[in-house]
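Each chain is listed here by its residues.
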Amino acid sequence: MTPSTPNPPRDASNWAQPVDKLKVGSISADAVNLNVEGKHLTGPLKGFGQMWQKTYWVRLSGSNVTPAEVIKVWKAEFPNFWPRGNQFYAPLTSIQPGEVAVLNLAGPGGVTGPGGAPVISTGVMVIYADDVSFSFMTPEGHILAGMITFSAHEEDACTVAQVQALIRAYDPLFELTFRLGIGHKTEDDFWQAALRSLAARFGVNGYPQQRTTLVDPRVQWSQAKNIWHNAGIRTALYMPVMLAKKVFRR
Amino acid sequence: MPNPTVTMTVREAGGNAKIIDIHGEVSAQAENVLMDAYTQASATGARAILLNFAGLEYMNSSGIGLLVTLLIRANRQRQKLLAVGLSEHYQHIFELTRLNEAIRIFANEAEALATLVS
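In the order they appear, the protein sequences are chains A and B. Note that the numbering used here has the first sequence beginning at 1, numbered continuously upward. Note that the numbering used here has the second sequence beginning at 1, numbered continuously upward.
Think of the hints as simulated: they come from the structure by calculation, not from any bench. Each statement offered as a hint is correct.
No more than 30 Å apart at the CA atoms, straight line, and that leaves these computed lysine-lysine pairs for DSS-like:
no., chain 1, residue 1, chain 2, residue 2
1, A, K185, A, K225
2, A, K21, A, K54
3, A, K23, A, K246
4, A, K72, A, K23
5, A, K225, B, K80
6, A, K54, B, K80
7, A, K54, A, K225
8, A, K23, A, K75
9, A, K21, B, K80
When you get a sec, could you build the whole thing from the sequences and use the hints?
Okay, here's the thing in structure tokens:
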């Protein structure tokens, strides 16, 4: 059935193994760990909304850093580049294929819940990583069903750091935020801020640029049921429990 | 961006289907080569396209992204997209990324073409 291959392919160690359900490893006790454990991965084909390809990039002009050096730092210090109010909790300090991370996300404009609680708790799985790129895929309930790739390459003798997302809004509610422009603005602001922080790490005052392509204008009504897993709704419902836990822990 | 290290050739499969033989590396650099091959395969109104991965040597996550966008293009043209010649490793990647739920995987061309006929 399967063609025989004499040697393992060059990319064999770069890919995660397929998983049925996500399992979160040991992460910081500060994390609000919801909507990840036991969820399936989704991918860009499983969302509800229009499919977009969004590419953000920043030129690290004036820095002698190589693409591999950029990715090494990006992997090792990934959470540090996130905009204020957003947290990335990974079980390990670096990005490895198969690793599952919990995300505690702020709302538009960095707004958080009471006591700094996340507006959305969700996660990602690292599906691929090599010396010059790494990729995440999202689980059920995440705002976006898709894949996001972080990479660096050389262009005109300058190293360029790039984020490329191939995404659909996961459910009708999240799609509504995109149709109203809030979702797009939040997403764009997020990655532009992350790229500015990354550039600053290398001493560059970077100006991120962006290209947005509508890959599929249609919505997938067959996926409207995804709203059952909506991580925003589930995080909000959990909020009273979270606050009670905080009070009783004092 | 470096030059693509992939070649794709299009051939007839009969029954209004075309086969794209993929040799080399499928990464972001393969975009133009893949889309050109798809355009060539679709030029005469093929209703099904078989991607033959038997010569695939390397694929990264950008390569998976290319296959997703190709699938969307094929769906909009009401074409079926099928895969043959995937090694066990690449079948796992299709499974991980859930591409296997949208692109049917067959052991060989004959099996894939038989499905189209039936």
